[in-house]
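Since chain A is already given, all that's left is putting chain B on it; use the hints.
Number of protein chains: 2
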Amino acid sequence: MPNDYLSLRPIGIDTYHENVAYLHRDCELYRAEGFQALSKIEISANGNRILAVLNVVDDSMIVTPSELGLSQQAFTQFGIDQGCMVKVAHAEPPESMDAVRRKINGERLSQHDFTNIAKDISESRYSKMEMAAFLVAAGQTSLDRDEILYLTRAMVESGDRLDWQESVVVDKHCIGGIPGNRTSMLIVPIVAAHGMLMPKTSSRAITSPAGTADTMELLANVNLEPEKLYEIVHHERGCVAWGGTAHLAPVDDLLISVERPLGIDSQGQMVASILSKKIAAGSSHLLIDIPVGPTAKVRHMRQALALRKLFEYVGDQLNLHLEVVITDGRQPIGRGIGPALEARDVLQVLENNPDAPSDLRQKALQLAGRIIEFDPDVRGGQGFAIARDILDSGRAIAKMESIINAQGRVDDPKLTPGHLSHEVLAKQSGFVIDVNNLQMAKIARMAGAPMDKHAGVDLVKKLGDPVKKGEVLYHIYAEFPSDFNFAKNLCKQATGYTIGDVDEIPISFVAF
Amino acid sequence: MPNDYLSLRPIGIDTYHENVAYLHRDCELYRAEGFQALSKIEISANGNRILAVLNVVDDSMIVTPSELGLSQQAFTQFGIDQGCMVKVAHAEPPESMDAVRRKINGERLSQHDFTNIAKDISESRYSKMEMAAFLVAAGQTSLDRDEILYLTRAMVESGDRLDWQESVVVDKHCIGGIPGNRTSMLIVPIVAAHGMLMPKTSSRAITSPAGTADTMELLANVNLEPEKLYEIVHHERGCVAWGGTAHLAPVDDLLISVERPLGIDSQGQMVASILSKKIAAGSSHLLIDIPVGPTAKVRHMRQALALRKLFEYVGDQLNLHLEVVITDGRQPIGRGIGPALEARDVLQVLENNPDAPSDLRQKALQLAGRIIEFDPDVRGGQGFAIARDILDSGRAIAKMESIINAQGRVDDPKLTPGHLSHEVLAKQSGFVIDVNNLQMAKIARMAGAPMDKHAGVDLVKKLGDPVKKGEVLYHIYAEFPSDFNFAKNLCKQATGYTIGDVDEIPISFVAF
Numbered sequence: 207m208p209n210d211y212l213s214l215r216p217i218g219i220d221t222y223h224e225n226v227a228y229l230h231r232d233c234e235l236y237r238a239e240g241f242q243a244l245s246k247i248e249i250s251a252n253g254n255r256i257l258a259v260l261n262v263v264d265d266s267m268i269v270t271p272s273e274l275g276l277s278q279q280a281f282t283q284f285g286i287d288q289g290c291m292v293k294v295a296h297a298e299p300p301e302s303m304d305a306v307r308r309k310i311n312g313e314r315l316s317q318h319d320f321t322n323i324a325k326d327i328s329e330s331r332y333s334k335m336e337m338a339a340f341l342v343a344a345g346q347t348s349l350d351r352d353e354i355l356y357l358t359r360a361m362v363e364s365g366d367r368l369d370w371q372e373s374v375v376v377d378k379h380c381i382g383g384i385p386g387n388r389t390s391m392l393i394v395p396i397v398a399a400h401g402m403l404m405p406k407t408s409s410r411a412i413t414s415p416a417g418t419a420d421t422m423e424l425l426a427n428v429n430l431e432p433e434k435l436y437e438i439v440h441h442e443r444g445c446v447a448w449g450g451t452a453h454l455a456p457v458d459d460l461l462i463s464v465e466r467p468l469g470i471d472s473q474g475q476m477v478a479s480i481l482s483k484k485i486a487a488g489s490s491h492l493l494i495d496i497p498v499g500p501t502a503k504v505r506h507m508r509q510a511l512a513l514r515k516l517f518e519y520v521g522d523q524l525n526l527h528l529e530v531v532i533t534d535g536r537q538p539i540g541r542g543i544g545p546a547l548e549a550r551d552v553l554q555v556l557e558n559n560p561d562a563p564s565d566l567r568q569k570a571l572q573l574a575g576r577i578i579e580f581d582p583d584v585r586g587g588q589g590f591a592i593a594r595d596i597l598d599s600g601r602a603i604a605k606m607e608s609i610i611n612a613q614g615r616v617d618d619p620k621l622t623p624g625h626l627s628h629e630v631l632a633k634q635s636g637f638v639i640d641v642n643n644l645q646m647a648k649i650a651r652m653a654g655a656p657m658d659k660h661a662g663v664d665l666v667k668k669l670g671d672p673v674k675k676g677e678v679l680y681h682i683y684a685e686f687p688s689d690f691n692f693a694k695n696l697c698k699q700a701t702g703y704t705i706g707d708v709d710e711i712p713i714s715f716v717a718f
Numbered sequence: 207m208p209n210d211y212l213s214l215r216p217i218g219i220d221t222y223h224e225n226v227a228y229l230h231r232d233c234e235l236y237r238a239e240g241f242q243a244l245s246k247i248e249i250s251a252n253g254n255r256i257l258a259v260l261n262v263v264d265d266s267m268i269v270t271p272s273e274l275g276l277s278q279q280a281f282t283q284f285g286i287d288q289g290c291m292v293k294v295a296h297a298e299p300p301e302s303m304d305a306v307r308r309k310i311n312g313e314r315l316s317q318h319d320f321t322n323i324a325k326d327i328s329e330s331r332y333s334k335m336e337m338a339a340f341l342v343a344a345g346q347t348s349l350d351r352d353e354i355l356y357l358t359r360a361m362v363e364s365g366d367r368l369d370w371q372e373s374v375v376v377d378k379h380c381i382g383g384i385p386g387n388r389t390s391m392l393i394v395p396i397v398a399a400h401g402m403l404m405p406k407t408s409s410r411a412i413t414s415p416a417g418t419a420d421t422m423e424l425l426a427n428v429n430l431e432p433e434k435l436y437e438i439v440h441h442e443r444g445c446v447a448w449g450g451t452a453h454l455a456p457v458d459d460l461l462i463s464v465e466r467p468l469g470i471d472s473q474g475q476m477v478a479s480i481l482s483k484k485i486a487a488g489s490s491h492l493l494i495d496i497p498v499g500p501t502a503k504v505r506h507m508r509q510a511l512a513l514r515k516l517f518e519y520v521g522d523q524l525n526l527h528l529e530v531v532i533t534d535g536r537q538p539i540g541r542g543i544g545p546a547l548e549a550r551d552v553l554q555v556l557e558n559n560p561d562a563p564s565d566l567r568q569k570a571l572q573l574a575g576r577i578i579e580f581d582p583d584v585r586g587g588q589g590f591a592i593a594r595d596i597l598d599s600g601r602a603i604a605k606m607e608s609i610i611n612a613q614g615r616v617d618d619p620k621l622t623p624g625h626l627s628h629e630v631l632a633k634q635s636g637f638v639i640d641v642n643n644l645q646m647a648k649i650a651r652m653a654g655a656p657m658d659k660h661a662g663v664d665l666v667k668k669l670g671d672p673v674k675k676g677e678v679l680y681h682i683y684a685e686f687p688s689d690f691n692f693a694k695n696l697c698k699q700a701t702g703y704t705i706g707d708v709d710e711i712p713i714s715f716v717a718f
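In the order they appear, the protein sequences are chains A and B.
Using this note's numbering, you'd call the opening residue of the first sequence number 207 and step up by one each time.
Using this note's numbering, you'd call the opening residue of the second sequence number 207 and step up by one each time.
Since the hints were made in silico from the structure, they are not lab data.
All C-beta atoms in this analysis are idealised placements derived from N, C-alpha and C, irrespective of residue type, glycine included.
Only true hints are included.
Distance condition first, Cα-Cα at most 30 Å in a straight line; then the derived DSS-like pairs of lysine-lysine: (1) B:LYS694 to B:LYS667; (2) B:LYS694 to B:LYS675; (3) A:LYS698 to A:LYS674; (4) A:LYS620 to A:LYS667; (5) A:LYS698 to B:LYS293; (6) B:LYS694 to A:LYS293; (7) A:LYS325 to A:LYS293; (8) A:LYS293 to B:LYS698; (9) B:LYS633 to B:LYS675; (10) A:LYS694 to A:LYS633; (11) A:LYS633 to A:LYS668; (12) A:LYS668 to A:LYS694; (13) B:LYS698 to A:LYS325; (14) A:LYS694 to B:LYS293; (15) A:LYS698 to B:LYS325; (16) A:LYS675 to A:LYS698; (17) A:LYS675 to A:LYS633.
What the simulated footprint calls covered on chain A by chain B, stretch by stretch (three residues with Cβ under 8 Å from a Cβ of chain B suffice, anywhere in the stretch; the number is not a length): (18) 219-227; (19) 295-308; (20) 455-468.
Only some residues are given here: those of chain A computed to face chain B with a beta carbon under 8 Å: (21) ASN261; (22) ALA338; (23) GLY345.
With the rest of the complex left out, here is chain A (with noise of 0.2 Å):
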């Protein structure tokens, strides 16, 4: 064995996307407390290398003192095989971080910081305590709108960029915040339906109880490559497929997977995310739909105009064709909360049944019509009664169909809420005044989903109904009973109704 060198084990432990080293506190050779715990360690063999965060290890069943361990991630990263020798140093930290140390200060970062910076982030050189300080350093106050155009140029550089070959490729993106806000899986096959390209490629929820790709999944294969991916949507000019697999901007879900737990969602890393991952996805045409309601990610019209302007002003730098539309965000969206529930909505409005929820039904009307009329041939004003005329003559179910074939159709798919069912009663009768999102998409999240598909809420009462005491507001359903437990103690802290008088109901916020 070579003096300087110790043998790489892979470690079966999943640090989610943090490089972890494990060295063992009696290793001789670098005599594991002079690296200190929890900071960076440079581990190289081959000319391949690696950054990370170290582990003191008491246990040779993990690694032995001669070894070297790696978590998963880290290990795949490194390329190395099992037992070859590999080189221990200090790490410096990145050197990017100056320029963070620099926004900590209040300076302005220049379009070569940001790129440094998402270069390191992307090649695992930040320990997520570094990201969270850029995240908070970068946070709400403190990106002017050029940056955030840096930002989104980094983060576009730091992956992959799919190219259609055509000059119109629309997609739509809501910032989100509203359960049950499945408009996209409607979206898709109507402007598909009217010839456009579509390739949706949605995210997974995080911290949502269902992403248009978890939802999706109950009925098509996602999982797409690239190249199959071209395929689908050059032959049906629109897909519904989960964007993991294409790598873009990948920075973006590195430093989603701080800003998350942290809690922190600041709009300039809100617009920095959504439109690097679209022009990356090879979008020319975005239509931003921006929510506004006491519970919505944004709560004063004041807000969402700021929002706006700022989406447009990085779009039109980047040469994006953007539009943005302010709706209402008062409540939730369709009656299902959790993937097979909202599938099941999805599927009402697509069949053109009488019992399917009306708004979700209007929602994706009014954003297919929108994006129609990215259409050059579309007279302004059209595209809404086009979007309906498709939805309603069954050419969007046929299209969906059609998409759904080409994905990898789910046999029989099962859109059955979980076993264990629970009603929630109206304390009082009165009117529904309020349903609050939040705890709302909370009470589904505990319940389950969106790991447990068939987990989640289903709405009896919405916004404005009236309720006599003792009715059911809504189902929570659940699949384990431990999901179950915390779904029920949950909603007996707070339902998330608020029933009142007749004229408590909020007044909608004009949508535009």
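Relative to the frame of chain A, chain B by itself:
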């Protein structure tokens, strides 16, 4: 086995100030994925509760699907025996994170907010990411002086307080950044010999090449329980001990474990850190040393003055008699950098050895003099002469011997430098016009200090000295070949010395 429980297992991994829980991916009960890797969970048993970051394990040698593993510190803190049945639940982010988010948004926080944050941190409810978010949010520009006061108070209240039962309890603290600045080991015996109570509790080095505790440890036991400390101090009027056993302002230690690897160092955080530790240690009179120089922590006199006001404001509000001296921080103090080399310098000064480094002697006398003037019976301006008399007469070394005996003398202390040595030579003739504090500290650290007590740097030339090409500027000492190579490589990049013309020697700031 009860239905909802997992068997507790300690995992031999030291995750350094962050609680980590290990759950097997196939754990049926909680289906690990639902908890999301690196989000937090709450573990409870017998009324004990603990929050931990979740790592997902795929290796049943580490944990089986029916077990829950806890990292070393988390297991100790939880206080439940191995094999006991524990319950796992989703953990909500700590409530005080709301205040952190308000701080990120630029709000001013209240005493109540800081108290809750300190409480949650001291109860290990914060992940490293969350602490990083707090530190950055509270960074350089965004804590006003009242907020610094609130934070200081909250940190004091997070731990225990020593009570010396006397009205004058003196202490000193240097804000750091100057290698070799080992004045405490001189000031304590001088001031104690004068009869004042000076119970010095020091830290070990974290990112510097030596702390007072690391250096004193070569001569005497520094790990003293509070009872033993009281006994020694009441008998000797002084001590030089490690402060870690007394549970003083523990939140400060936790924040430092995040702040240091991030390399962020805000003034507000520093003032709160220093003053909370000193108040918890029972000081009534405190002398703060702010060195100023181009590679010191404070680089301009205007910054030093602003920092002085901040110390004075917070100290006054907390009823501390506080004085600030601004000193020459243009270069390291003394010759040695590293525990053994610094101990040697200290003993030379105590022994009135004519070869003793005069800058160390002068600085120690200056500071000791200022502390002696806290004595109501000493006339203003007389402190320096009193301190010099105590040192010159041998009363200081006699007191030091007595303190060493009381703490527990190290028999036959070894102060020889490491056996691997390297001479760094002048590449040209001229005058030393700069000795870079940061680079000299870094070289000493790379050589192995402070973990390896005999490693470090020994300066031969100091600022203003004439040098001839090929003369020795300093020696590097190490005991381990890998450390020795790290240090030599670093030194090849930059020696830390600048040789120039006589008129380029920077003038000293006037110390006052």
